[in-house]
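**Q** For reference, the chains in residue letters:
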Amino acid sequence: MPSLFVIQGRDQGKRFELQGSCVRVGREKGNTVQLHDTEVSRFHAELREQGGRYELVDLGSSNGTYVNSQLIDHHLLNSGDRVQVGRTLMIFTAGDELTSHERVDSISIVGQEQHPGGSRIVSTLGQQPGERIFGIHSERSESDSPWLARARSNLDVMYHTALAASHTLDIDQLLQRIMELIFEWVEADRGCVMLLDRDLDQLVPKVRRDRKSTAGESIEISRTILDYVLQHNEGVLTSDASDDERWDSAASIVRMGIREAICVPMQGRYGVVGVIYIDTYTAPGRFIQRPANRFSAEHLKLMVAIGHQAALAIEDTSYYSAMVQAERLAAIGQTIATLSHHIKNILQGIRGGSYLIEEGLKSGEFDVVSKGWAIVDKNQDKISNLVMDMLTFSKEREPEMVPADLNEVVTDVIELAQTRAADAGVKLVWTPDAQMPLLTFDPDALHRAVLNIVTNAVDACEKAESGLVEPRQVEPRQVTVRTEYAAAQQLVRIIVEDNGEGIAPEDLARIFSVFESRKGSRGTGLGLPVSQKIMHEHEGDIVVDSTPGQGSRFCMSMPAILAQPADPDAAPGAAQTRYGL
Amino acid sequence: MPELSLEQRKRVLIVDQSADSRSVLRTVLERRGVQILESPCAAQGLELVRQHHPEVVVLDLESDAAEDRSVRAAYECELATHRAELVILGNLRRCEVPADEHLVRKPYHYAPLIRKIEQLIERTVQPGGNGAGQCLRCL
Numbered sequence: 001m002p003s004l005f006v007i008q009g010r011d012q013g014k015r016f017e018l019q020g021s022c023v024r025v026g027r028e029k030g031n032t033v034q035l036h037d038t039e040v041s042r043f044h045a046e047l048r049e050q051g052g053r054y055e056l057v058d059l060g061s062s063n064g065t066y067v068n069s070q071l072i073d074h075h076l077l078n079s080g081d082r083v084q085v086g087r088t089l090m091i092f093t094a095g096d097e098l099t100s101h102e103r104v105d106s107i108s109i110v111g112q113e114q115h116p117g118g119s120r121i122v123s124t125l126g127q128q129p130g131e132r133i134f135g136i137h138s139e140r141s142e143s144d145s146p147w148l149a150r151a152r153s154n155l156d157v158m159y160h161t162a163l164a165a166s167h168t169l170d171i172d173q174l175l176q177r178i179m180e181l182i183f184e185w186v187e188a189d190r191g192c193v194m195l196l197d198r199d200l201d202q203l204v205p206k207v208r209r210d211r212k213s214t215a216g217e218s219i220e221i222s223r224t225i226l227d228y229v230l231q232h233n234e235g236v237l238t239s240d241a242s243d244d245e246r247w248d249s250a251a252s253i254v255r256m257g258i259r260e261a262i263c264v265p266m267q268g269r270y271g272v273v274g275v276i277y278i279d280t281y282t283a284p285g286r287f288i289q290r291p292a293n294r295f296s297a298e299h300l301k302l303m304v305a306i307g308h309q310a311a312l313a314i315e316d317t318s319y320y321s322a323m324v325q326a327e328r329l330a331a332i333g334q335t336i337a338t339l340s341h342h343i344k345n346i347l348q349g350i351r352g353g354s355y356l357i358e359e360g361l362k363s364g365e366f367d368v369v370s371k372g373w374a375i376v377d378k379n380q381d382k383i384s385n386l387v388m389d390m391l392t393f394s395k396e397r398e399p400e401m402v403p404a405d406l407n408e409v410v411t412d413v414i415e416l417a418q419t420r421a422a423d424a425g426v427k428l429v430w431t432p433d434a435q436m437p438l439l440t441f442d443p444d445a446l447h448r449a450v451l452n453i454v455t456n457a458v459d460a461c462e463k464a465e466s467g468l469v470e471p472r473q474v475e476p477r478q479v480t481v482r483t484e485y486a487a488a489q490q491l492v493r494i495i496v497e498d499n500g501e502g503i504a505p506e507d508l509a510r511i512f513s514v515f516e517s518r519k520g521s522r523g524t525g526l527g528l529p530v531s532q533k534i535m536h537e538h539e540g541d542i543v544v545d546s547t548p549g550q551g552s553r554f555c556m557s558m559p560a561i562l563a564q565p566a567d568p569d570a571a572p573g574a575a576q577t578r579y580g581l
Numbered sequence: 582m583p584e585l586s587l588e589q590r591k592r593v594l595i596v597d598q599s600a601d602s603r604s605v606l607r608t609v610l611e612r613r614g615v616q617i618l619e620s621p622c623a624a625q626g627l628e629l630v631r632q633h634h635p636e637v638v639v640l641d642l643e644s645d646a647a648e649d650r651s652v653r654a655a656y657e658c659e660l661a662t663h664r665a666e667l668v669i670l671g672n673l674r675r676c677e678v679p680a681d682e683h684l685v686r687k688p689y690h691y692a693p694l695i696r697k698i699e700q701l702i703e704r705t706v707q708p709g710g711n712g713a714g715q716c717l718r719c720l
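Those sequence lines, one after another, are chains D and C. Under my numbering, the first residue of the first sequence is numbered 1, with each subsequent residue one higher. Under my numbering, the first residue of the second sequence is numbered 582, with each subsequent residue one higher.
Any given hint could be a false lead.
These stretches of chain C come out as covered by chain D in the derived footprint (C-beta under 8 Å, 3 or more residues) [stated by the list, open to error]: (1) 600-613; (2) 651-664.
Using C-beta positions, here's what the derived DEER-type ranges look like [as the list claims (entries may be wrong)]: (3) 87/D - 658/C: 18 to 24 Å; (4) 673/C - 562/D: 44 to 50 Å; (5) 564/D - 689/C: 53 to 59 Å; (6) 325/D - 634/C: 32 to 38 Å; (7) 704/C - 340/D: 32 to 38 Å; (8) 634/C - 549/D: 31 to 37 Å; (9) 484/D - 654/C: 51 to 57 Å; (10) 21/D - 658/C: 50 to 56 Å; (11) 340/D - 654/C: 40 to 46 Å; (12) 632/C - 440/D: 57 to 63 Å; (13) 416/D - 673/C: 34 to 40 Å; (14) 482/D - 648/C: 58 to 64 Å.
The set of hints was computed from the structure by calculation and includes no laboratory data. Where is the CB? At the ideal position from N, CA and C, for every residue including glycine.
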């Protein structure tokens, strides 16, 4: 779907999907693309669909509409166009590009037999030899002309700049590496990179590098040079600041001891993101004789290219960070909304139970008090389960492996689920494997994992029974739970089967995704992901088979780690199953 | 209070996915002589409306399909025909609910909700209560 993605401005990270024949952009609430930008007009521009494409039309806005830095009245947009309104910069992305998809279909991979007499490999070049071609220390021919040697050296610098730019998403690390490269290649005494802070509208130093001899001195950068670079969007080289007519002879450059300087803009796709500055330095009053120049026009050209590369990398990183941030915020929002909803429902239940208790106490009817208490109690369990599931899901944890009896753990789950099953009119059948040995596992965690699966099975039966799904035949709803010890495979299994509503094939793939619940407002969407996480922590898994209208089978399996024989000197009861609720 | 026959007792239908909520309302209202019908889902609830003509329907919008505007419209139509009242439990904005319906935002307190249901039962038995006989939306 076509979209506008905000990469600069207060709405940075937002993506607006474009639907319909006319999409309005502006500051007012009624706009589809509503921007929180005081420099955007109330109704600033419109995107009008024309034969599957969008035309951007300015609606007489105060500050104008720009596409790729050009002021426009109307403009047919292409994918990748930069749309600027006020201080907000957006990238337009068209929908599916059919032509490129169609052309992709015409690519096929054929075998040698279908292509007799075809191509043969005559030469190969791996990644590392590739680097050596450009490497500073690569073998060079004696016959290399100075021009060729220079070209190779420049190519080497650009190659390594491109590598640095493409191998990191950490801007500070990238800038550090770029300064290192510059210092390897040019005899600068000092250098720094400054990035433009768009909120403060000023340059902020990010990285500084010095040769040893100047390391202690503070670096003072001439405002004159910086202003010139930013205003003209040009790199500058000054070989002798006092002779350069661009600088006021009284300017600070000479007083600061700067002999030569290169300052280049970091020009990205969407504007200047900062500057790179290097200079040679002699402390004021220490001139003995004028030394030879170290910077040349060629250095300037290459610095401009490096600045451009670095700027592109910074923009890409910012774009990526904005997207990650947007996704993170969306995920946090969804988590808060989902959990608030469940907590609200639980509180509603507690409120109902409390109300019954109050009514029963007023009228002296014990059965009403008892009914109210049962509701409060049930909701206490719900909140406790929700909190435990949230804790289990939210942190990486090592299972606490202790000798325990799996049958005993499952028995306890059955006891807990029995009341719930009886309320729902579901029969719970439990068949423990009599041969189950004492195993080593985390009984608390396994208890939670099995409880979630059994509770789901009961709910699935109840839903089928209540008529929320199409009834298929009149038969008692039933959940069977059994354990199996497969000695030959060194595995244990806990199998939970129900004859409830079943799961549609298209839902099966999503049942272990967090907050994907098929139980409506009753489900937290945490139970199955938590059970799966616990099984994975035990190096096990859960396999599900289900047929809609017939029921489901959840098979939880994990390696059977036999418990070591109990130490006769150990305290009594040490090998007993322990788990808290 | 003299015992009322089943025919004399006023009927309230509770459509709510939460068994707890249904249980609380049933317990309290039955003690006050109201006959309770209940359903966890909206479509099934609509069938109960057609069969039993309750005086008041309490519809939780989180119940299966209750958020579907056409389902609500079907309720409105049925209830208008039978001069019954609709109480909606949910988080709609006031402007999204017709003036003749009653919105109770969640989470709610039970005492005011029960008072509201009792008032509406009273209204339906008074002459000139909630309109008469014909659903204007169906005309």
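**Q** Indicate, hint by hint, whether the structure satisfies it.
**A** The hints, checked one at a time:
1. 600-613: As far as the segment 600-613 of chain C goes, the hint holds, because 8 residues have Cβ atoms under 8 Å from chain D.
2. 651-664: This one is violated; 0 residues, fewer than the three required, reach chain D with a Cβ under 8 Å.
3. 87/D - 658/C: 18 to 24 Å: This hint is violated: roughly 52 Å between Cβ atoms.
4. 673/C - 562/D: 44 to 50 Å: The hinted range 44 to 50 Å is violated for residue 673/C and residue 562/D, with Cβ atoms some 59 Å apart.
5. 564/D - 689/C: 53 to 59 Å: 57 Å Cβ-Cβ, so the 53 to 59 Å window holds.
6. 325/D - 634/C: 32 to 38 Å: With a Cβ separation near 56 Å, residue 325/D and residue 634/C fall outside 32 to 38 Å, so the hint is violated.
7. 704/C - 340/D: 32 to 38 Å: 35 Å Cβ-Cβ, so the 32 to 38 Å window holds.
8. 634/C - 549/D: 31 to 37 Å: holds (33 Å)
9. 484/D - 654/C: 51 to 57 Å: Distance hint for residue 484/D, residue 654/C holds at roughly 53 Å.
10. 21/D - 658/C: 50 to 56 Å: Given range 50 to 56 Å: violated, Cβ gap about 34 Å.
11. 340/D - 654/C: 40 to 46 Å: violated (29 Å)
12. 632/C - 440/D: 57 to 63 Å: Given a distance of about 59 Å, which is inside 57 to 63 Å, the answer is holds.
13. 416/D - 673/C: 34 to 40 Å: holds (37 Å)
14. 482/D - 648/C: 58 to 64 Å: Taking Cβ atoms as reference, residue 482/D and residue 648/C lie about 40 Å apart, which means the hint is violated.
Hints 2, 3, 4, 6, 10, 11, 14 from the list above are not met by this structure, while the remaining hints are.
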